[in-house]
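Work out the full structure, taking the sequences as your base and the hints as a guide.
Chains as they are written, first to last, in the numbering used here: chain A, 1 to 183; chain B, 1001 to 1336.
No lab work stands behind these hints: they were computed from the structure. Among these hints, one or two may not hold up.
As the list claims (entries may be wrong) - Facing chain B, according to a computed beta carbon distance under 10 Å, are these residues of chain A, among others:
1) Asn68
2) Leu85
3) Val147
To be verified - Short, incomplete list of chain A residues facing chain B, as computed with Cβ under 7 Å:
4) Glu24
5) Ala36
6) Glu49
7) Cys117
8) Tyr146
9) Lys161
10) Phe165
11) Ile172
What the hints assert, rightly or not - Simulated coverage check for chain B against chain A, where a stretch passes if three residues somewhere in it have a Cβ under 8 Å from a Cβ of chain A:
12) 1052-1061
13) 1064-1072
We put the beta carbon where it would ideally sit given N, CA and C, even for glycine.
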Amino acid sequence: MSERVRDDASLVETSAAGDMSAFESLVRQHAGAVYAHAYRFFGDGGLAEDATQEVWLKVFRSLDGFDNRSSFSTWLFRVTRNVCLDMFRTGRRVATPADQVLLEAPGTSDTASEAGCSVDLERAMRELSPEDREAFNAVALFGLSYVDAGSVLGVPAGTVKSRVFRARRSLIALLSLDAKEGA
Amino acid sequence: MRCIRNQATLCASHDGDHVPAHELNEQGEHRDCRECVAFSDALDRIDAIPAPALPDGLLDRIMAAVALEREALDAAEHAHPQTHAASGPSTPGVTRLVDWVSGPRMWRGIAAGATVAASLVAVLVIGSLGSRPQTADLETSEAETSGPAMSLTYGSGRSSTKDDGAASVQAPAKAPDYVSFQERVFVPGSLLADSTAATPSIGSIMSAFGNAGSAVEATVYRSPLTDGSIVVRGPDGYRLYSPVVRMLNSVRFQLTTGIPIERFGTWPTLPARFAPPTAADGSPTFVPAVKDSLGVQVYASAGQPVSMGFAIAPRSNVTDPAGGNPNWTWWAPLSQ
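Given below as structure tokens:
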């Protein structure tokens, strides 16, 4: 992870100097996390795409302002979270999928089992409280530490730890992952 | 070490968080524990499930949008060299504006009355997922925690610098970081950066928050969200507080308290109009009503339908919105 942090810092610096290929590398490495968080926030692929694009435009505009006080991932999570919240406040409602089709996680593997698991996971994610889901995403999608996630969420690291634990326990129960495979 | 605590440690270790040596040592006691081994395996299985992947073409669309942005910046620079204030990557002679991304900015002046739909509340949806998972097994595995409840709810600020909030305490466990306003219970959400919003004050609360001193008066403001939340001006600024809610029959009910909560870590109690039950079945005050799909028993006030409110028995699962409260709790329909 530390190597990745150094790589990110280097890419940000290079991007800020005008190197678009470096910026594209940043996008390729991190866009998945941004999209997944937005998808889980809105429950809608179209809104998630809009949010993802907006996040990266904001990142591009603010590259020079990134001062490495936090990791790039932490900063990116903050931007992603704020973009989603802003879109929500301006009337972009959280979609409530009415049927199975809308729950299909786009772009998943062709294998039926993986796709099915992804759909189940996303359905289960919507059962979590927004706070728990957000904390889980910060750690699982963006790779943030509890301390860094807490700094973005405005809560102590212990709170993040509790929320992540609660989210995982809920997901395990909802997905029956505590049963032995094949049982 | 009880399983719940060990599993919390496993979760923290899984996330690369620092775990005190004595907790790592105690994990050895659970090396052969079926539930803990299953939990550890399940953590890996969750990670193995793919997250929603990027739709085809999105990366290209992002880069195309960024390219347009860059062209616009370059054009502006050439049109007004050294006088144009624009944000973006370094371009000689261009003064930059730093975007707002340095902190959460959730609260704008809403004097114009912008309307925001639906919720950012703390909700545990009590509903069906079709074939419900083995909640019975989950309940059973929690039986050993029916005594001292684990303090694995909201960080109370007491241990985040020590053991990251995973330490257990003797019964009763410490409550989450609650505040109460008009007998309703809320938990802290995000810190709001913008303090200039012209929203009306709707009252005040008395709270020491997480501090050791006496409770002080804190102004409460109307939230920009229509989810029953409030904004409280506390020692660290303006913070959003979300209602503690649970759902029954697709209706949201909020946790209430009989005593004002004037300090984090205080458990809500039954409103004074309810005599504390003298029996585990809620009698004589409450009668068992329905069970939700997670198997949590809901109790109605004698002679009243649950739609008017209901009680939850003490020492719920720590993942329950009641958070393992050692008291009976009353949940009233959420008012927005």
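Here is how each hint holds up against the structure:
no.	hint	result
1	Asn68	violated, 13 Å
2	Leu85	holds, 6 Å
3	Val147	holds, 9 Å
4	Glu24	holds, 6 Å
5	Ala36	holds, 4 Å
6	Glu49	holds, 6 Å
7	Cys117	holds, 5 Å
8	Tyr146	holds, 5 Å
9	Lys161	holds, 5 Å
10	Phe165	holds, 5 Å
11	Ile172	holds, 4 Å
12	1052-1061	holds (count 8)
13	1064-1072	holds (count 5)
Checked against the numbered hints given earlier, the structure breaks only hint 1 and satisfies all the rest.
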